[in-house]
Each structure stands twice: as C-alpha cells, then as structure tokens.
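Asks: Produce the entire structure from the sequences given, and follow the hints as far as they go.
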Amino acid sequence: MWKSPRPKKTYDVIVVGGGGHGLGTAYYLAKEHGIKNIAVIEKGWLGGGNTGRNTTIIRSNYLWNESANLYDHSIKLWENLSQELNYNMMFSQRGVMNLAHNEHDIKEMKRRVSANRLNGLDTQWLETKEIKKLVPIMNTDNLRYPVLGAAFQPRGGVARHDAIAWGFAMRADEMGVDIIQNCEAQSIKTRSGKVEGVKTSKGFIRAKKVAVVASGHTSVLAKTAGVRLPLQSRPLQALVSEPIKPIINTVVMSNAVHAYVSQSDKGELVIGAGTDGYNSFTQRGGYDVIEETVRAIVELYPIFGKMKMLRQWGGIVDICPDASPIISKCEIKGLYFNCGWGTGGFKATPGSANVFAHTVANDEPHKINAPFNLERFSDGRLIDEHGAAAVAH
Amino acid sequence: MILINCPYCGERDQSEFSNGGEAHVARPENSDSLNDKDWGQYVFYRDNPKGIFYERWVHSHGCRKWFNAVRNTATDEILKIYKVDEKTPKIDSFTNTLKTPSGEPKVGSGNFTVKK
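Each protein sequence line maps, in turn, to chains Y and A. The numbering of the first sequence is this note's numbering, which starts it at 21 and goes up by one. The numbering of the second sequence is this note's numbering, which starts it at 40 and goes up by one.
Calculated from the structure, these hints are not laboratory results. Mixed in with the good hints, there may be bad ones.
What the hints assert, rightly or not - Footprint (simulated), chain Y over chain A, 3 or more residues, beta carbon under 8 Å:
1) 57-67
2) 73-79
3) 83-95
4) 113-127
Said to hold, decoys possible - Calculated lysine-lysine pairs in the DSBU-like style (CA-CA distance at most 35 Å, straight line):
5) Y/LYS219 with A/LYS76
6) A/LYS129 with Y/LYS222
7) A/LYS76 with Y/LYS214
8) Y/LYS209 with A/LYS129
9) A/LYS122 with Y/LYS243
10) A/LYS76 with Y/LYS353
11) Y/LYS152 with Y/LYS96
12) A/LYS129 with Y/LYS214
13) Y/LYS209 with A/LYS76
Because the structure is a prediction, the values reported are computed rather than measured. Yeah, the Cβ is synthetic: ideal placement off N, Cα and C, and Gly gets one too.
Replies: This is the structure in structure tokens:
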C-alpha cells in the first residue's frame, strides 16, 4: 500500500507523527502546495496512536465562530474524502446527539444550537419525545438524571479510523512522500533560532521545516527544541462490547453523566469513557473511569445491562487550557505545531491537516487556523470550548 | 489504577484522591510589573514531562488534606510522597526496570499482551 523507504539525509519537510493528522498534512503539502520532498516519521505503526484509539465521532457543533469554521471545514472535507482519496472512509452521517440532563444543560445547549445555526451549521434542538423516536431503547425518565432534550447534528456521524490514515498514506506515498515507520523522533535540533532537523532512532535527518503532530507526546518533543507548550497529557479510554444486531443508528453523547455510545458496522457498541484525573503517558487509564461510564450507559440503556465488553484501551491526549487546539508557528523558525486536540481530534483530521499544511508551506496560518495560535495564551484571546469539547473538562 | 499512600491515612485507591497538577508553582512576586507573556506562563503553562513529575494531590474523599508526590508519568510509579511543609526531595534518576522502545511499561500499556 505504501513503500517503506530508508530515510534520506535531508527533506524539505519532516512531519513527526504518522497518524491521520500527520499523514494528511503530508498529503495536502504534496497535493496543494507542490512540496514533494517530505518524510512522515512514526515511532510505531501508521494510525497506531490516537487515530486508532478514539471513538470515531465526527461533528462540528462547537460554540464559537473560530471553532465552527475549523470543525465544519473538516466535515466538508470528510463528505468528499472517499472520492478524493479513492478509498472508502466508511463515513456515515448518522447524526450526533448531545443529551441535556438538567436546566443548565438545556440553557447551554440551546445557546449552542442558536450559535451553530448563526454559523450555518445544521444543529437542532430535540424534545424528549423526538429523542425517543430516534433512539427507542433510551431510558429517558426513570433515572437519576432524566433526559430533558438534546442538541442534534444530522451531518455528524462516524468514520473508519484506519481508513483515513491509510487513505492519506497511500495517496501521499504516490506523490513521493517517504513514510517511515518504526522511526521514533527523539529530539528536534535547532541552531540560532532555526530548525535543523530531527534526531531519530534511525539517525539524524536534516530538514528545512519540521511539523510536529505527535498528540500526547508533543510537549515532550517541543521541550527538546526549548519550546514550552500549554499542554497536559492524560490517558483517555474507550471500550467496545461484543457484537450485536443493529440497535442504535445514531451517535449519542451525554456530557453530564459521561456516556458516549454508537454502534460499529461490526455490531459492537463503541463506548467512549473519560480521561484520568492526572497526567500520565501510560496508554491504559484507570478502571474507575470505565466503571463510571459503564454505570451511566446501563442507566441510560437498561437493555445493555447484561452485555459483555470485549476490549478496552487508552490513548494519551494533549489537553489545552481552553479545550481548543494549537495549529501554529512558534518562536523557532521552521518549527510548527499541530497539537492540543485533547479528547476530540479525530473529527478534525482532514480539516486540521489541510490548514496545517497551508501554515507549514506558507509560513503563515490559513485564515481558518489563524485564531488557534500560541499567542492566545498571552494576549487572552482564548477559544473556550469546554462545553462543546465534552470530555476534556 | 494506582494506590496512593496518603501521609495521614495510609494506602488508598487513587479514586479517593484528586490531582492538583504540578507542585511548587509559585505566584510571581512582581505581579504588577509582569508583562502578558510572563503572566500567560504563570496562568496557563505547566510542566508536562514524561518521567519524573512533582505534583499535588488531595485526599478529597478521605482526610481532605493536600500533600505532594513525585511520580514517574511514564509508568505511574510513585517514587516519593511528602507533606507540603517537608523539604522537596531531589530525585534526579530512578531505576526503570520496564524497558520498551518508547519507555512505556509492558504491563497493560496497550502495546503488549499481559503475561500471567
């Protein structure tokens, strides 16, 4: 599907991180910006990090204009990505529902629905009986936090996590991008404020520009270049059940009781749990976090009470103080960061890669990602998405 | 899941505790003359090392007292626990017996099968 070349001595751009965001960055750099001398280096296997560890939820119902622009840019790319990459993304716009369980939830979500509609997004408010119609198995009234309504985005949905990494990788490879797996970036070398290259487990590779898309490990790499980022890394867990017949045909998220569920094409329930309450780089997470999620799932869907869970895993997410990403240059010339996606980066994969490639190629941000700069943590222009980001709060 | 040895109550499950982030972050002395960049550093920036991390914990479902810990964030191994009025222990290196290419522990890291 792609070659596995030995690294060359020098590249125009090295992308650190072979997940969806990194491979997409290389793809758009080659396709839209005419840069072909690119390497993507990955410490493990393609899409083996957070690209393969999420719950594949795609939506753009964020509160602020900046976020709505960014995430909807991504949905629009998702809508055409199977054709563009000639590879089936299994992108299924089955809708995403965010449940409200109390007065505050209702107010916050109705405000967000209105903000979304002003930004041209398709979010709408559902009353409980409309939710019941869409998800008949949901227990809406006989539980501690009853379901009082929901924000629903029909264009949201799910996609196949591996497909986006593999699709971008194949097309980037065809355009001459070197995809190098089992090649761990160990440090970023700089000289007098300019990037020189990356020291890797396969030796030093020189580069004019280095684009770091290393999710949970971004701050560790940034430190080797003397750059401090406002990120905290934590394990985020997910789990899947045994496969069953189709029972739920949309994605249901509840922030208040913390339960996310959708059903994969294999029939497994895909359940998103929360982050651990402390920084960690161990890709597992605490049992009490799963326990809390499963308790909420069983209360919301009593029919799932006797199901068995098959697998559980954790990924290390990099969380920003305002729950919005950083897609930015930094004080080192030729060094770029695309990080801070926290608990919700998968949905943004093509959009993030697209605007990040623009930033790297032109040394200037695209107008969509210009607000997602590092300066916002000193000038105070934060993009506070704790409500919409759902898990990371 | 980790066990934390509360200096007041003894060893308890981590779910009884809340994490308070990086320890020993001092409020800048010259706050009225500080520029935006330095304020930003104090408000939003915290260390995020893979390895030795000095952090605060509170036994929120127990004695509700704060204390500090030194933890290896690559393995979650707690190397030292000390009270807030105790001297900060100096831990420069530690023996990580769990050697993997990325420095992650074998057991339960998600990359390896757990051997019984």
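Asks: Indicate, hint by hint, whether the structure satisfies it.
Replies: Structure-based check of all given hints:
A stretch counts as covered by a chain when three or more of its residues have a beta carbon under 8 Å from one of that chain; for the region 57-67 of chain A and chain Y the count is 3, and the coverage holds. For the region 73-79 of chain A, the proposed coverage by chain Y is satisfied: 4 residues have a C-beta within less than 8 Å of a C-beta in that chain, meeting the threshold of three. For the region 83-95 of chain A, the stated coverage by chain Y holds: 8 residues have a C-beta nearer than 8 Å to a C-beta of that chain, and at least 3 were required. Counting residues of the region 113-127 of chain A whose beta carbon lies closer than 8 Å to any beta carbon of chain Y gives 3, which reaches the threshold of three, so the coverage claim holds.
In summary, the hint linking Y/LYS219 to A/LYS76 is supported, as the alpha carbons are separated by about 30 Å, within the 35 Å threshold. For the given pair, A/LYS129 sits about 34 Å from Y/LYS222 by alpha-carbon distance, which is consistent with the 35 Å threshold. At most 35 Å may separate the alpha-carbon atoms for a hinted pair to count; A/LYS76 and Y/LYS214 meet this at roughly 21 Å. A threshold of 35 Å between alpha carbons decides the hint, and for Y/LYS209 with A/LYS129 the separation of about 29 Å falls inside it, so the pair holds.
Restraint check: the Cα-Cα separation between A/LYS122 and Y/LYS243 comes to about 29 Å, which is no more than 35 Å; the hinted pair holds. The suggested pairing of A/LYS76 with Y/LYS353 holds, with an alpha-carbon distance near 19 Å, which does not exceed 35 Å. Distance check on the hinted pair: Y/LYS152 and Y/LYS96 sit about 29 Å apart at the alpha-carbon level, within 35 Å; holds. Among the hinted pairs, A/LYS129 with Y/LYS214 is consistent with the structure: their alpha-carbon atoms are about 34 Å apart, no more than 35 Å.
Restraint check for Y/LYS209 and A/LYS76: satisfied, since their Cα atoms lie roughly 25 Å apart, inside the 35 Å limit.
Checked against the numbered hints given earlier, the structure satisfies every one of them.
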